[in-house]
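Quick mapping for you: the protein sequence lines, in order, are chains A and B.
Counting from 1, one number per residue, gives the positions in the first sequence under the working numbering.
Counting from 1, one number per residue, gives the positions in the second sequence under the working numbering.
Do not take every clue at face value.
What the hints assert, rightly or not - Label pairs and their in silico Cβ distance ranges:
1. 97/B / 45/A: 56 to 66 Å
2. 29/A / 361/B: 47 to 57 Å
3. 24/B / 45/A: 13 to 23 Å
4. 27/A / 348/B: 48 to 58 Å
5. 40/A / 185/B: 32 to 42 Å
6. 29/A / 358/B: 23 to 33 Å
7. 59/B / 40/A: 15 to 25 Å
8. 276/B / 29/A: 43 to 53 Å
9. 97/B / 29/A: 33 to 43 Å
10. 96/B / 27/A: 17 to 27 Å
11. 265/B / 40/A: 47 to 57 Å
FYI, nobody ran anything at the bench for these hints, they're computed from the structure.
Small disclaimer: the values here were computed from a predicted structure and weren't measured.
Every residue, glycine too, gets a C-beta built ideally from N, C-alpha and C.
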Amino acid sequence: EAKSSAVASSQIFHSDGGEMEPETMEIKSVSEYFTKMHMGSVMSRQ
Amino acid sequence: MDTGGSVVSMRAEEPSFHVRYRMEVSCLELALEGERLCKVGDYRAGVSFFEAAIQVGTEDLQVLSAIYSQLGNAYFHLHDYAKALEFHRHDLTLTRTIGDLLGEAKASGNLGNTLKVLGRFDEAVVCCQRHLDIARDINDKVGQARALYNFGNVYHAKGKSICWSGAEPGDFPEEVMTALRKAAEYYEANLAIVKELGDRAAQGRTYGNLGNTHYLLGNFRKAVASHEQRLLIAKEFGDRSAERRAYCNLGNAYIFLGEFEIAAEHYKRTLQLARQLKDRAVEAQACYSLGNTYTLLQDYERAIDYHLKHLIIAQDLNDRIGEGRACWSLGNAHTALGNHDQAMHFAEKHLEICRETGDRSGELTARM
Chain A
1 EAKSSAVASS QIFHSDGGEM EPETMEIKSV SEYFTKMHMG SVMSRQ
Chain B
1 MDTGGSVVSM RAEEPSFHVR YRMEVSCLEL ALEGERLCKV GDYRAGVSFF
51 EAAIQVGTED LQVLSAIYSQ LGNAYFHLHD YAKALEFHRH DLTLTRTIGD
101 LLGEAKASGN LGNTLKVLGR FDEAVVCCQR HLDIARDIND KVGQARALYN
151 FGNVYHAKGK SICWSGAEPG DFPEEVMTAL RKAAEYYEAN LAIVKELGDR
201 AAQGRTYGNL GNTHYLLGNF RKAVASHEQR LLIAKEFGDR SAERRAYCNL
251 GNAYIFLGEF EIAAEHYKRT LQLARQLKDR AVEAQACYSL GNTYTLLQDY
301 ERAIDYHLKH LIIAQDLNDR IGEGRACWSL GNAHTALGNH DQAMHFAEKH
351 LEICRETGDR SGELTARM
């Protein structure tokens, strides 16, 4: 019975598969790169 | 150095050290400003600064890679996927040239996401595989998890791109089901890692997309279970957008389970959150879903109430197609109640909108 109701409902509801979560893009940060370089040179001096 | 002690170039056409130094500093300053702007969401301005940084130039290839990568991401957020592709490709080539394995993994991941949006799924899979392979080689669990999530997204998108509108969830062609099952496997593999890492935000994202995958596979109970987890995590973070998405997706799953009262409760929460978030388009969608749900419950008075709310917002937003849908639904609901004058009014409005928007099938239906 639930299935037959679902048949009717699919005709009303356009099923686009639901709202997706966002993609995860990888980040390359200029500021982080320079922070690491700076830390690296400080550590090597010590 | 000449006998007077001043710095001169060895050759007249080569920039001197201090000129090159100034250029490097300028490039860096421009890039840092671009980064700051993108961080606050001003991608258009960020792009300008990054493009200017490239014009100035740098000899530091790690900096150049970061600029290419961030340009790619900025264009991605601006929905200019052709440009995003161009810059992520530049970044990938550069990372391979300088032997930056971690950088190559990241560039592959970003390129894969971009190719996915462009519908180039087979190429996207290759990129995801490269991302995953490198992450495994360097024992980067976080990277592996992210690659698996991207893989899931690619197969989910591939499945959706093939399925045709006449079929219901669970009844799609075999190649669609195969793609969706693969998506589910990748999401599960991702979940295993992100649970081990204790990354709740990542778990939330994966549960949401896994829920949508189960929904399309016709596994509505599993869809509900996944979306409930997504909802829980959204509440943990106070992420109301994610909470709103989860309630909406739960509503959809309960419709296909035939549990319309429960679906209505979830759609009401969706509506409440949409209003709090001041997102009128989403508010309209929630009203439409509630109108349809009450139609299924044969509570036509409530259905009309929500379809009218949907109609008003559609008019405010100049959404003629939404207006057409609302009029169609209102016409049907009034017919069910025996309100023939009102039914005729909305049927005529629906027909008028179908003609205006060139909706031939809608027009034919309206004439019937």
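Verification of the supplied hints:
1. Checked against the hint of 56 to 66 Å, the C-beta distance between residue 97/B and residue 45/A comes to roughly 31 Å, which is inconsistent with it.
2. Take residue 29/A and residue 361/B: their Cβ atoms lie about 50 Å apart, and the range 47 to 57 Å holds.
3. Our hint of 13 to 23 Å for residue 24/B and residue 45/A holds, since their Cβ atoms are close to 22 Å apart.
4. Range check, residue 27/A to residue 348/B: about 54 Å between beta-carbon atoms, so the 48 to 58 Å window is met.
5. Evaluation of the 32 to 42 Å hint for residue 40/A and residue 185/B yields a pass: the beta carbon distance comes to about 40 Å.
6. With their beta carbons about 47 Å apart, residue 29/A and residue 358/B fall outside the hinted range of 23 to 33 Å.
7. Between residue 59/B and residue 40/A the C-beta distance comes to about 19 Å, which sits within the given range of 15 to 25 Å.
8. Distance hint check for residue 276/B and residue 29/A: the Cβ-Cβ separation is about 33 Å, which falls outside the suggested range of 43 to 53 Å.
9. Remark: the range hint 33 to 43 Å for residue 97/B to residue 29/A is contradicted by a beta-carbon distance near 21 Å.
10. Range check, residue 96/B to residue 27/A: Cβ separation about 19 Å, and the 17 to 27 Å hint holds.
11. Between residue 265/B and residue 40/A the CB atoms are about 56 Å apart, so this pair conforms to the stated range of 47 to 57 Å.
Hint check: violations occur at hints 1, 6, 8, 9; the rest are consistent with the structure.
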